[in-house]
Structures are given as structure tokens and as C-alpha cells.
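**Student:** Sequence:
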Amino acid sequence: MSKPILFFSSVCPDTDPFIKLLEPYQIEYEAVNITETMPNLKRFLSLRDTREEFLEKKEMNQVGIPVLVTEDATLIFDEAALIDYYKGT
77 MSKPILFFSS VCPDTDPFIK LLEPYQIEYE AVNITETMPN LKRFLSLRDT REEFLEKKEM
137 NQVGIPVLVT EDATLIFDEA ALIDYYKGT
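Residue 127 in our numbering is what sits at position 51 of the sequence shown, and the numbering runs on without skipping anything.
Fair warning: there could be bad hints in the mix.
FRET-style restraints, in silico, Cβ to Cβ [as the list claims (entries may be wrong)]:
id, residue 1, residue 2, range
1, Glu135, Glu104, 27 to 37 angstroms
2, Thr150, Ile95, 16 to 26 angstroms
3, Lys163, Met114, 29 to 39 angstroms
4, Pro115, Ser78, 17 to 27 angstroms
5, Asn137, Gln102, 27 to 37 angstroms
Keep in mind the hints are simulated off the structure, nothing from the lab. C-beta atoms are modelled at their ideal positions from N, C-alpha and C, and glycine is treated no differently.
All chains should be modelled from the sequences, with the hints used to inform the complete structure.
**Tutor:** Structure (C-alpha cells):
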């Protein structure tokens, strides 16, 4: 993967705050709005259905977005994980 991928939805209330968290790190990412097209949704569901990191999200009846997939395939769902992953950059 050449750059991180941000899976999000333009109708999700958590998207804008998450994007604001990314701004200080100046991370270039591919933005994938899962509610924009069926291919985008299928791409996200393929990730969600194959990664155990989503199990807790699914058990809590959450979609699991926004999520940033880093270059090394780490999944970042929240501010604490974002800070921990990018500290020192």
C-alpha cells in the first residue's frame, strides 16, 4: 500500500472529528467514502469481514468507521491509537 486509506461515510457523525484529528499529522491518505458507491462499500466490507480488529465493533453493532488503514495495515479507530502510532512524526 502506497499511502494510508481512510474509510469513512459522509453521513457518519464521527467522520469530521476524526479527520480533524488527522490534520496536525499532515497525513496524505486515500479517502474512501463507503456510502458514495457500491464498489467503495464492498471494498470496506471486504476489509471488515477479514480483520479481527472489527469483531468488537460488530459486537457493539457499530459499522467500524471512520478507520484509517496505515501503510503497514494497522487499523486506527480512535485518537489514542492515532497518537500512539504517529508519535514522533
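**Student:** Determine for every hint whether it applies to the structure shown.
**Tutor:** Checked hints:
1. Remark: the range hint 27 to 37 angstroms for glutamate 135 to glutamate 104 is upheld by a beta-carbon distance near 33 angstroms.
2. Restraint check, threonine 150 to isoleucine 95: a C-beta distance of roughly 18 angstroms satisfies the suggested window 16 to 26 angstroms.
3. Checking the proposed 29 to 39 angstroms range against lysine 163 and methionine 114 shows it holds: the Cβ atoms sit about 37 angstroms from each other.
4. Between proline 115 and serine 78 the beta carbons are some 19 angstroms apart, a value that agrees with the proposed interval 17 to 27 angstroms.
5. Range check, asparagine 137 to glutamine 102: about 34 angstroms between beta-carbon atoms, so the 27 to 37 angstroms window is met.
Checked against the numbered hints listed earlier, the structure breaks none of them; every hint is satisfied.
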